[in-house]
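Going down the list, the protein sequences come from chains A and B.
For the first sequence, the residue numbers in this note's numbering are 305 to 727.
For the second sequence, the residue numbers in this note's numbering are 305 to 727.
For the record, the hints were derived by calculation from the structure and aren't laboratory data.
Some hints here could point you the wrong way.
What the hints assert, rightly or not - Simulated crosslink set (BS3-like; lysine-lysine; CA at most 30 Å straight-line): (1) A:Lys423 to B:Lys431; (2) B:Lys423 to A:Lys431; (3) B:Lys423 to B:Lys535; (4) A:Lys663 to A:Lys603; (5) A:Lys330 to A:Lys584; (6) A:Lys580 to B:Lys545; (7) B:Lys476 to A:Lys663; (8) B:Lys646 to A:Lys584; (9) B:Lys535 to B:Lys545; (10) B:Lys434 to B:Lys476; (11) A:Lys687 to B:Lys423.
Fair warning: this is a prediction, and the values are worked out from it, not measured in the lab.
2 protein chains.
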Amino acid sequence: MSLNNATPEALKQLEQTLTAEYESLKSQNLSLDLTRGKPSSEQLDLSDSLDGILDGEFIDSAGVDTRNYGGLRGIISARQLGADLLGTEVAQTMSVGNSSLNIMYMVMLNNYLYGCRGKDTAWGELKAPKMLCPVPGYDRHFSITENLGIEMINVDMDENGPDMDQVEALIKADSDIIGIWCVPKYSNPSGATYSDDVVDRIAALGKIANSSFRVMWDNAYAVHDLIEDFKQLANIFERCKAHGTEDSVWQFASTSKVTHAGSGISFLSSTEDNLKNFEKLLGVTTIGADKVNQLRTVKLLPNMDATYAHMAKHRAILAPKFDLVLTELNNELDSQYATWTKPEGGYFVSLDTQPNLAKTVIAMSSEAGVVLTGAGAPFPYGKDPKDCNIRIAPSFPPTNELKVALSVLIVCIKLATVRQVMS
Amino acid sequence: MSLNNATPEALKQLEQTLTAEYESLKSQNLSLDLTRGKPSSEQLDLSDSLDGILDGEFIDSAGVDTRNYGGLRGIISARQLGADLLGTEVAQTMSVGNSSLNIMYMVMLNNYLYGCRGKDTAWGELKAPKMLCPVPGYDRHFSITENLGIEMINVDMDENGPDMDQVEALIKADSDIIGIWCVPKYSNPSGATYSDDVVDRIAALGKIANSSFRVMWDNAYAVHDLIEDFKQLANIFERCKAHGTEDSVWQFASTSKVTHAGSGISFLSSTEDNLKNFEKLLGVTTIGADKVNQLRTVKLLPNMDATYAHMAKHRAILAPKFDLVLTELNNELDSQYATWTKPEGGYFVSLDTQPNLAKTVIAMSSEAGVVLTGAGAPFPYGKDPKDCNIRIAPSFPPTNELKVALSVLIVCIKLATVRQVMS
Chain A
305 MSLNNATPEA LKQLEQTLTA EYESLKSQNL SLDLTRGKPS SEQLDLSDSL
355 DGILDGEFID SAGVDTRNYG GLRGIISARQ LGADLLGTEV AQTMSVGNSS
405 LNIMYMVMLN NYLYGCRGKD TAWGELKAPK MLCPVPGYDR HFSITENLGI
455 EMINVDMDEN GPDMDQVEAL IKADSDIIGI WCVPKYSNPS GATYSDDVVD
505 RIAALGKIAN SSFRVMWDNA YAVHDLIEDF KQLANIFERC KAHGTEDSVW
555 QFASTSKVTH AGSGISFLSS TEDNLKNFEK LLGVTTIGAD KVNQLRTVKL
605 LPNMDATYAH MAKHRAILAP KFDLVLTELN NELDSQYATW TKPEGGYFVS
655 LDTQPNLAKT VIAMSSEAGV VLTGAGAPFP YGKDPKDCNI RIAPSFPPTN
705 ELKVALSVLI VCIKLATVRQ VMS
Chain B
305 MSLNNATPEA LKQLEQTLTA EYESLKSQNL SLDLTRGKPS SEQLDLSDSL
355 DGILDGEFID SAGVDTRNYG GLRGIISARQ LGADLLGTEV AQTMSVGNSS
405 LNIMYMVMLN NYLYGCRGKD TAWGELKAPK MLCPVPGYDR HFSITENLGI
455 EMINVDMDEN GPDMDQVEAL IKADSDIIGI WCVPKYSNPS GATYSDDVVD
505 RIAALGKIAN SSFRVMWDNA YAVHDLIEDF KQLANIFERC KAHGTEDSVW
555 QFASTSKVTH AGSGISFLSS TEDNLKNFEK LLGVTTIGAD KVNQLRTVKL
605 LPNMDATYAH MAKHRAILAP KFDLVLTELN NELDSQYATW TKPEGGYFVS
655 LDTQPNLAKT VIAMSSEAGV VLTGAGAPFP YGKDPKDCNI RIAPSFPPTN
705 ELKVALSVLI VCIKLATVRQ VMS
């Protein structure tokens, strides 16, 4: 039925039917959670052999006793895994602790307080440092940026990545733009993988931007494919070499959603000059990361073949959940109500309601016992300009719970939409 | 022989004998290291059961799946261990990652940039924030402080801890003094354990200092006793309650020199108001620490009895090394050459040469293949005002190497002293 052409009576009847459905779901006192991109316990089980995997052997391939202090760049085999994941060289890849978010914060802090090439390159010395934020994006990137007092500018995204015309025009117009956040593969939450052209244009930004400009390339979902025949992400490191802009990019990855989510190891890669500059701060704040856990991780994932084989097991668990989400949405909704992404990897389905309805839908779901990520979370300052985006995270709940949660979400979307058309 | 009363001929002959000994040691092409307080591999072996200790059980005592994201304060059993180590309450104790140094940095950064109670309490807003630094002290505390641009003021130490008359007078004279670094038990490097009176006077500082003043109480050697019948450190938390100054103290500890040095877990404790304020920053920079490793640690060390039993094994390895150092120094040197501490715990012997000789001795040792901590390292800005302090770290080398390294150090001290008397 076409909502716009429906008679007031038909709409009223639809509204009543949906309200009854909603009230019936509410009366079930559900308590379900679709908020965060957490692996399910079934996925975590895949890596349980980590504990005990060393079998008493704590010395790494280079003869380092991983149990003792030291080694700011991490053990060489873990750095190799990071380099392979990111498509960089081991010499310019570090392996650090369990939180890639933490290392992104530290890189941002270093550039803000101390500067990538001395105090007069510090972002904090600029009149109004600004960071470009493709939206919707990852809320925790935005929290770091806001926390440092760096202004955030929204940039539109489509299925090929950020709108590069916008990005280039903004940078040319304002030399206080000091960086851009990117989740280049299966972008959080839209699932977009940046096209080759977008990757190349991002690599070229170092030629038009402030010399302290940095691309924060968070390749969080580098191997998190939901289909076997996935789209390759272009290698930004290679593209930077072609443009002579290697200093302008910091790459990050982790095994957080590969092994155990709270106990992964993380990686960062950039040029030797950038790493040396960063280590001046990092070396003040820590003696080094947990190298025993790095060794465990490379025992489980000694190379990319092993990593892909491991990720295939994740896919077997995750893909049916994404299929369920897409099937339910397809069966129950059409573009009068919402549009949504069909991700080939990553952890989210990004759904857009009609304008001005996301907050309402999320509040209604919450009342019915289904918690969704807060409205606006995937936007700087928590402000979704159209109030339409809802991030669905299907990984954590078991399939039966996921199905119930989706039915609640769908009824809320329908009811809120119909009420808006009626008003 | 009394150097000051010796004839020039006698001194010359002594100098020649010592030079010959030194040259002979030099010709052995030694390569020994007494620099850092690292556990030996024998000590690290004591905790090798950590890997595999979970036996497939990753759920903690509170039902938390340690493998997944979340839990900024850490798992409850690890927090309990931290509270027991520090003599505080579990509710106000957090367990975090592998580096207590890192968490000290983060607390300092938070107080500096954001303030313990809002921006106008930020240390960075003060004209000239200053930190009191009992010396000799821990070089990495000083690096953090210098890195943040906080001025450091030396405070004298004796066997009872910092000179509290100095501390109180400095604080009363300057409201820009925002904190003091303390290693209250087996202070690094002097080995001093603060007396009850000193602990009480430190707890009372909150009554005379700036309200953003913080004691950074780094109880790094809380259970690192070299004798069985060790001196108890007074409970600063209790003393603060008596003075109503609970907000003025942050306590830190870790298992770095209890289990595996690079893979320990760390603890911080303060008031709920302080923790809440700190979590506003910490929660932006990480989703949480490695909880699996926290669970492993409490499996190995479920309570203080188990911890003391474990530390007794460390003692059995460490005490003979310290005995060797003290015996060699006693046999070969007297106060004409040097004075040194006789620690009952911790990781160092702190030795004072005659004034103006530490740099020379350290350089001579290095030439003979024995690396010592850089001269001045235990002082702010790396400047030992008397150029006399040498930190000896006997834990890492095997006993036979330690003995050779000491013989080199002793000859260097003798030779440098005699040459100075002659000049």
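Status of the hints after comparison with the structure:
Distance hint between Lys423 of chain A and Lys431 of chain B is fulfilled; the C-alpha atoms sit about 20 Å from each other, no more than 30 Å. For the hint pairing Lys423 of chain B with Lys431 of chain A, the CA-to-CA distance comes to about 20 Å; that is within 30 Å, so the pair holds. Among the hinted pairs, Lys423 of chain B with Lys535 of chain B is inconsistent with the structure: their alpha-carbon atoms are about 41 Å apart, more than 30 Å. For the suggested pair Lys663 of chain A and Lys603 of chain A, the alpha carbons sit about 45 Å apart, so the restraint of at most 30 Å is broken.
At roughly 55 Å between alpha-carbon atoms, Lys330 of chain A and Lys584 of chain A are farther apart than 30 Å, so this suggested pair is violated. Between Lys580 of chain A and Lys545 of chain B the CA atoms are separated by roughly 45 Å; this puts the pair beyond 30 Å, and the hint is violated. The hinted pair formed by Lys476 of chain B and Lys663 of chain A fails the criterion: a straight-line CA distance of about 54 Å is larger than 30 Å. With a CA separation close to 35 Å, the supplied pair Lys646 of chain B and Lys584 of chain A exceeds the 30 Å bound.
Restraint check for Lys535 of chain B and Lys545 of chain B: the C-alpha separation of about 22 Å stays at or below 30 Å, so the hint holds. Of the pairs offered as hints, the one joining Lys434 of chain B and Lys476 of chain B holds, with about 13 Å between alpha carbons and a cut-off of 30 Å not exceeded. Between Lys687 of chain A and Lys423 of chain B, the direct Cα distance comes to roughly 24 Å. Compliance with the 30 Å bound is thereby established for this hinted pair.
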